Amino acid sequence: MRAEPIDLPKDLVAASAVPLVLGILARGESYGYAILSRVRELSGGRLEWKEGMLYPVLHRMEQHGWIVASVRDSDEGRRRRYYRLTPAGRRCLGEHRQQWALMNHVLNLAWEG
Amino acid sequence: MFNQDRAVQKWRTTLSSEGRLTVEQIDELEAHLRDIIDDLETAALTEEETFVVAAHRLGHPAQLGEEYEKITPFNTWRVPLFWATVGAAWTLGVEAILDLAVPLGTLVAARLHLSLGWMKAWAVVVSVGGPIIALASVVAWMRVYSASHPRSAKALFSTVAVAALLRLGSVPVIGPLSAAAWKGFDLRTGRSFQSVWQTALVAGFLIVASVGVVVLVRFREHRNRQIPSS
Chain U
0 MRAEPIDLPK DLVAASAVPL VLGILARGES YGYAILSRVR ELSGGRLEWK
50 EGMLYPVLHR MEQHGWIVAS VRDSDEGRRR RYYRLTPAGR RCLGEHRQQW
100 ALMNHVLNLA WEG
Chain L
0 MFNQDRAVQK WRTTLSSEGR LTVEQIDELE AHLRDIIDDL ETAALTEEET
50 FVVAAHRLGH PAQLGEEYEK ITPFNTWRVP LFWATVGAAW TLGVEAILDL
100 AVPLGTLVAA RLHLSLGWMK AWAVVVSVGG PIIALASVVA WMRVYSASHP
150 RSAKALFSTV AVAALLRLGS VPVIGPLSAA AWKGFDLRTG RSFQSVWQTA
200 LVAGFLIVAS VGVVVLVRFR EHRNRQIPSS
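For the record, the sequence lines run as chains U and L.
For the first sequence, numbering that gives the first Met the number 0 gives the first residue as 0, with consecutive numbering after it.
For the second sequence, numbering that gives the first Met the number 0 gives the first residue as 0, with consecutive numbering after it.
Certain hints may be false.
As the list claims (entries may be wrong) - Below are the EDC-like pairs computed for lysine to aspartate or glutamate, each with C-alpha atoms no more than 16 Å apart in a straight line:
| # | chain 1 | residue 1 | chain 2 | residue 2 |
| --- | --- | --- | --- | --- |
| 1 | L | 9 | L | 29 |
| 2 | U | 49 | L | 65 |
| 3 | U | 9 | L | 66 |
| 4 | U | 49 | L | 66 |
| 5 | L | 69 | U | 61 |
| 6 | U | 9 | U | 47 |
| 7 | U | 49 | U | 3 |
No wet-lab data here; the hints were simulated from the structure.
Note that the structure is a prediction, hence the values are computed from the model and not measured.
In isolation and in its complexed conformation, chain U is listed as follows:
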């Protein structure tokens, strides 16, 4: 059973894309299609990214040195670009986690406390 995708504001999608991709790649290398599938799976189908838009994000992350890509043929004989986290990417993920934890904490206090 898959939930209906939720329409999120563009800014929120853009802001959360990098920490989300960093988090997914922290568990091992992956490629575009699999990253998107993982996002869908983690959100129970409520987070739906525009598929082609992931690659410019990956490209930007590559330029920042947070991830590196290597092109290999997959088992199905499909040429794929696999992305892997760098030490700088791991540090960046740590910073993102702190920032999002803080935001989460403050928002919870403001709304419920």
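For chain U, the structure is supplied; the task is to place chain L on it using the hints.
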């Protein structure tokens, strides 16, 4: 009969139009497209429907192009800039060849004992004909090419049009200067420096015009981007 490989090939051509995306970037998107197609195989769709749905999920080529443009802006400008340069070189070439026709025509006119008026008329025909030939040839070529390359066509046409207009506008300036140059024209050797500096003048105009067109188009694109899309 729908042919999936041919459809994918056509889709690739649309994406690579005007060099916005590199081959590696398109390869990556194609692998993704084929993954979606595999994913959809369990659904009760025809091969053609599967392709259409997969391509739609990946995003419209124009939209993808815009996204990639943000990360590699130079890719978008490489091809149109190339055609603007070709346009400038083409106009320059046509006019340089026609400029050679001025002293040659003068030689013929002198042999036929025609008046100086005939020579002047010939010079005007050449000055006006150059830009018209350059412009007409570009328009004819654009009819074939422009449909799939709107940016390149625009860049090429603007360069040639601006160059042609400048050249036409410069006829009243070049005319009297040419007349002055012809005063020292040596019929026996047929030597004249006129075409050399005329060409240099046109080259100067063209460089200024090309830079102007590029700056204008860039400014417009930049301004268009400021307007938030709904």
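Pair hint residue 69(L) and residue 61(U), alpha-carbon separation not exceeding 16 Å: holds (14 Å)
16 Å Cα cutoff - pair residue 9(L), residue 29(L): holds (12 Å)
Hint consistency between residue 49(U) and residue 65(L) [alpha-carbon to alpha-carbon, up to 16 Å]: It holds: about 14 Å lies between the C-alpha atoms, which stays within 16 Å.
16 Å limit on alpha-carbon distance, applied to hinted pair residue 9(U) and residue 66(L): holds (14 Å)
16 Å Cα cutoff - pair residue 49(U), residue 3(U): holds (15 Å)
Given hint residue 47(U) paired with residue 9(U) - CA-CA distance at most 16 Å: With a Cα-Cα distance of about 12 Å, the restraint between residue 9(U) and residue 47(U) holds, given a limit of 16 Å.
Residue 49(U) paired with residue 66(L) [C-alpha distance capped at 16 Å]: holds (11 Å)
In the structure shown, no violation is registered for any of the earlier numbered hints.
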